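Q: Each chain, written out:
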Amino acid sequence: MGDGGTTYSGVNPNAVWLNSRGIWLSYVIAVTILHLILLSIPFLNVAQAWTLTNVVHNIGNYIFLHMLKGTPWETNWDQGKSRLLTHWEQIDFGEQFTTTRKFLFLAPVILFILASFYTKYDPLHFVFNLSTMLLVLIPKLPQLHGVRIFGINKY
Amino acid sequence: MVLGGENTLSGSAPTANGHVKESNGFIQHSNGHVPHYKDDKIKKMSQESFEPVPLLVACLTYLGYGMLVLFGYFRDFLRKSGVETTHSTIERKKMKDFVPLYQSFESFYTRNLYTRIRDCWNRPICSVPSAEFDVSERVSDDGNWHLRLTGKSRRCVNLGSYNYLGFAENTGPCADAAAKALQQYGAGVCSTRQELGNYRIHEELEQTTARFLGVEDAVTFGMGFATNSMNIPALMGGKGCLILSDELNHASLVLGARLCSTVIKVFKHNDIEDVERKLREAIINGQPRTHRAWRKILIIVEGIYSMEGSIIKLPDLIRLKKKYGAYLYLDEAHSIGALGETGRGVTEYWGVDPRDVDIMMGTFTKSFGAAGGYIAGSKRLINHLRAYSHSTTYACSMAAPVAQQVISSMKIIMGEDGTNRGQLRIKQLAANSKYFRQRLVEMGFIVYGNDDSPIVPVLLYMPAKIAAFSRELYQQNVGVVVVGFPATPLVESRARFCLSAAHTREMLDKVLDAISDVGDRLQLKYSLNPPTKAASAEECYKQVDSLAHEA
Chain A
1 MGDGGTTYSG
11 VNPNAVWLNS
21 RGIWLSYVIA
31 VTILHLILLS
41 IPFLNVAQAW
51 TLTNVVHNIG
61 NYIFLHMLKG
71 TPWETNWDQG
81 KSRLLTHWEQ
91 IDFGEQFTTT
101 RKFLFLAPVI
111 LFILASFYTK
121 YDPLHFVFNL
131 STMLLVLIPK
141 LPQLHGVRIF
151 GINKY
Chain B
1 MVLGGENTLS
11 GSAPTANGHV
21 KESNGFIQHS
31 NGHVPHYKDD
41 KIKKMSQESF
51 EPVPLLVACL
61 TYLGYGMLVL
71 FGYFRDFLRK
81 SGVETTHSTI
91 ERKKMKDFVP
101 LYQSFESFYT
111 RNLYTRIRDC
121 WNRPICSVPS
131 AEFDVSERVS
141 DDGNWHLRLT
151 GKSRRCVNLG
161 SYNYLGFAEN
171 TGPCADAAAK
181 ALQQYGAGVC
191 STRQELGNYR
201 IHEELEQTTA
211 RFLGVEDAVT
221 FGMGFATNSM
231 NIPALMGGKG
241 CLILSDELNH
251 ASLVLGARLC
261 STVIKVFKHN
271 DIEDVERKLR
281 EAIINGQPRT
291 HRAWRKILII
301 VEGIYSMEGS
311 IIKLPDLIRL
321 KKKYGAYLYL
331 DEAHSIGALG
341 ETGRGVTEYW
351 GVDPRDVDIM
361 MGTFTKSFGA
371 AGGYIAGSKR
381 LINHLRAYSH
391 STTYACSMAA
401 PVAQQVISSM
411 KIIMGEDGTN
421 RGQLRIKQLA
431 ANSKYFRQRL
441 VEMGFIVYGN
451 DDSPIVPVLL
461 YMPAKIAAFS
471 RELYQQNVGV
481 VVVGFPATPL
491 VESRARFCLS
501 AAHTREMLDK
511 VLDAISDVGD
521 RLQLKYSLNP
531 PTKAASAEEC
541 YKQVDSLAHE
551 A
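Protein chains in written order, with UniProt numbering: chain A, 1 to 155; chain B, 1 to 551.
There could be a bad hint or two in this list.
Said to hold, decoys possible - List time: in silico SDA-like cross-link candidates among lysine to any residue, alpha-carbon distance up to 25 Å:
{"#": "1", "chain 1": "A", "residue 1": "K81", "chain 2": "B", "residue 2": "C260"}
{"#": "2", "chain 1": "B", "residue 1": "K265", "chain 2": "A", "residue 2": "R148"}
{"#": "3", "chain 1": "B", "residue 1": "K322", "chain 2": "B", "residue 2": "A282"}
Hints listed in this document are in silico derivations from the structure and should not be mistaken for laboratory results. Model, not experiment: these values are computed from the prediction.
Whole structure, please, built from the sequences with the hints as guidance.
A: Put into structure tokens, the structure is as follows:
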């Protein structure tokens, strides 16, 4: 941890830490814990709990992967290039269709399918589930790599 | 982090963490690479182990970091809304319409993770860093934002200094010779090597270094980091060159490589098949747009990697470099003096001719108790560096007492002072490393690296345990160095022990008891390997005792 900000050989850790061992399992466990917490709230029924899990997961996914830019540590080796990139764009140094990206793309889809099933395909729940899923899947498309619509979140 | 490559010899592809399921039992939890040694005089590969993180531990580590991040956001919110006082630097009120100097997100990690356990690093030391040293105590009233000295100090066993042969002393023949050199030459040099800073003692140092390493000539510099960063540009000038660099190379090598206008390709740590693949691709495809042949290709590796304790597979690299016509740059910062029968470094360890390595670099900071670095090789290479290196042209040369310290310690190691104290130190270090590592493995810790390396990294994994380990051992009067993310991969935080010839067996036993006690209380004994019976202390120290009786 040295001076609290340097890494070895100048590699952006944000690009590689999602490839570490046990991340997928931890991700699933975290979503399960979130779901169990929501299920324990007494005034929510099962359908609402599932929709809320899906929505909260997607909003968290959006904020951490597509809204926050840069890194939580100093990057003195790349002259600030990663400061303008969201975490999703930094993964695997911008290489598309890697295993991590595929996993992060599939997670909202699987949650959507589960939520649709458990809400018995109710139209109102469907609107919420679909809209948040699209919110979180569209930025992950390779065509939108580095794209900032209307200049939002550019700097 | 060791990533698995293709294991073509045993026919089974390793899983992502490098563990090979069906092997012939020869490799235990290594990166799956089975070497092909055709030459008889090349030593058989020592056991290197990088046991992968147990899955439960990994999940708990991520959970730990997740909690820290959530609390970090919460505390930031409290600071922003004024409930909690902000101790870090903030922009002045009248500059609020200017573009901010710092992004507060970039210091998130420092503010919310590093500062909370900041007292484990930068501890002031108030004695010479030999086998035992005095560490000043510090206290903080505001959660480590401000640390103040209490005036007291603790006498701790030193397991963090790079003092491999125990030359960090302020008494003895080396210190006396350095004091005499100080009287004769003064403290400073006040000039660069090419102007008026070339003393006779520098020439004697370079000749001694060349004799020590078994090469034609050597050139020395005042700073070890600058030796790499200033000389790689002098060697790789001009376009059309390629550098192949190990992924875990030190920052000085990375900086030196970046200061040249070359293409840099990074290969997986210690993975000879990856080097070969990248060499072949580079030679076949040529330079990136024009596809012309490369002017030269340089492979940059280290002898011992200080974060992993792994030793480079030198015979394979030399075979590769001869086959494809590349050059080899070997940074022996940690291995010179620490490996080999007579301390000549990683070339002697593998039984390889030092003239096969084109550029041998090393530092005097670790095993010789001094400061500075050297580059050694053929006379043509060294003459070129003497003329073209940025360091000889612009940087002041090594101070005379420091140079004298290196000369005296080198002569002791070579046995030229007429005693066998050098040999005794080398054997003591080898025995200490072997004993310490085997005892730790026997206790059940996950230890990385090669069995012969004097660097012993013990994996801690979880962020809170980094701090707890360091503080608990400090309370028990053991000083250790701990490292975490982002200096290491996210999951693999570790404590790095550096053994020294100055440590005695009794000291190490006391330290091992303390480590075992802390390991039990913090539940650090993660290893899933079956418990091995380590060699007893008597076996490890047999050679040392016989040498000590001779002296």
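Q: Is K322 of chain B within 25 Å of A282 of chain B, Cα to Cα?
A: holds (16 Å)
Q: Against the 25 Å threshold, does the CA-CA distance of K81 of chain A and C260 of chain B hold or violate the hint?
A: holds (20 Å)
Q: With a cut-off of 25 Å on the C-alpha distance, tell me whether K265 of chain B and R148 of chain A pass.
A: violated (31 Å)
Violation of the numbered hints given earlier is confined to hint 2; every other hint is satisfied by the structure.
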